[in-house]
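Spelled out from the first residue to the last, the chains are:
There are 2 protein chains.
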Amino acid sequence: MATTAHPYWPRSLTLPGYVASARPGWQSAGAVAAGGAGLLALGWAMGGATRSPARRLAQGWFLLCAGIHGVLEGWFSLRHRDLPAATGLLADVWKEYAKADSRYMTSDDFTVAMETVTAWAWGPLSFLTFLAFLRQHPARYILQLLVSLGQLYGDVLYFATEAQAGWSHSDPQPFYFWGYFVGLNGLWVLVPGLLLADACRHLARAQCAFDRPPHKAR
Amino acid sequence: MATTAHPYWPRSLTLPGYVASARPGWQSAGAVAAGGAGLLALGWAMGGATRSPARRLAQGWFLLCAGIHGVLEGWFSLRHRDLPAATGLLADVWKEYAKADSRYMTSDDFTVAMETVTAWAWGPLSFLTFLAFLRQHPARYILQLLVSLGQLYGDVLYFATEAQAGWSHSDPQPFYFWGYFVGLNGLWVLVPGLLLADACRHLARAQCAFDRPPHKAR
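Residue numbers (my numbering), protein chains in the order written: chain L, 1 to 218; chain Z, 1 to 218.
For reference, chain L alone in the conformation it holds in the complex:
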């Protein structure tokens, strides 16, 4: 029967109306990797030669996040109910990733809620962070802190809910579990963690200077 002929875990999952991806998984993954690398490079290039390499990399990161949150997660937040039957590149990208987490195929309550906030809050705020650093806007580290804490907390809950569920939604093959599920999402724990600490350091330095008389704050 067509509804159980799918690659997702647990294998007992039924996905009414499921249509297999039209392209091989490596093409979907490759398209995301190429788009992501392009945004990272564009952010780096626009970062300007006067900034430190770490700051230029962070600029690339926020442009990359704006793209991924806005396009991939934006599509998911609007179309998740249609995903099993949907066709097209973005549907195929999610069908490929869902091998590592089938909660994306079943409109899981937490996954939809978290991805919707990510798409519509952290996506635009990532782009604003990118712009704020380009313009040296006084809100730049505040934005970096907001986006990074949002990503970090969302990702911690993403791992924790799956741990609660007994890690039951991923293909156990190392490529899917360790590469996609742990690897990709681990990146969104590691980098936001570093950027969060960096933002706190800069904001504390500014506050410290501001607190000295005659700027004594309440």
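Treat the hints as calculated values from the structure; they're not laboratory data. Please note that a few of the clues may not be correct.
To be verified - If you want a taste of the chain Z side facing chain L, the calculated C-beta under 8 Å gives, among others: (1) L146; (2) L157; (3) V191.
Said to hold, decoys possible - Computed footprint of chain L on chain Z, listed as stretches where at least three residues anywhere in the stretch have a Cβ under 8 Å from a Cβ of chain L: (4) 114-126; (5) 133-139; (6) 147-154; (7) 199-207.
We put the CB at the ideal spot given by N, CA and C, even for glycine.
Chain L is already provided as a structure; the job is to place chain Z on it using the hints.
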């Protein structure tokens, strides 16, 4: 049969081992209200007469949050699996609140994950925020921002996941749905939202002053 004789929704829920609360609901709710009011008042009093009323209220709020996150949510994060059969004041408090959200009675994946982060991250950080304002520490607004964004995001996901689930876990009586579920949790959207905006304003002001030469930041 004892396992279905409970006050929770949906009415079809089965709670093996469930033991009814030993005290009436108003006693459990009253104990929390009295403890919360005491912490709020203590925070206000320790805030000191030289600070503005709004800031003293915020001091009380962070002490209140430290208590609620640390004690109530700390207990839940450790004991949620035993809750249906547990006795004692803290179990009775959760059995009373769960009338407005039965996910607390069933160790719901998201609820446990979110409450665990709230207990062990936002709880201690709330207390640090309280201390940081007492001492005028340069990290005070950073801590206020971290705690408030964490509470706000957790609460948005809390409402959003229940919306996804069709608001099926609450007793539909206005006292439980509007009073406990919407009212109490709405407070944790409203107050953190205001404190988040306040922290951003103060941090931007300090950064703005710091960015002027000769403090020009990278």
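Hints, verified against the model:
1. L146: 6 Å, holds
2. L157: Holds. Min distance 5 Å.
3. V191: 17 Å, violated
4. 114-126: Our answer is that it holds, as 3 residues pass the Cβ test (under 8 Å) against chain L, meeting three.
5. 133-139: holds (count 3)
6. 147-154: Per the Cβ count (4), the hint holds.
7. 199-207: Holds: 7 residues of the region 199-207 of chain Z have a Cβ under 8 Å from chain L.
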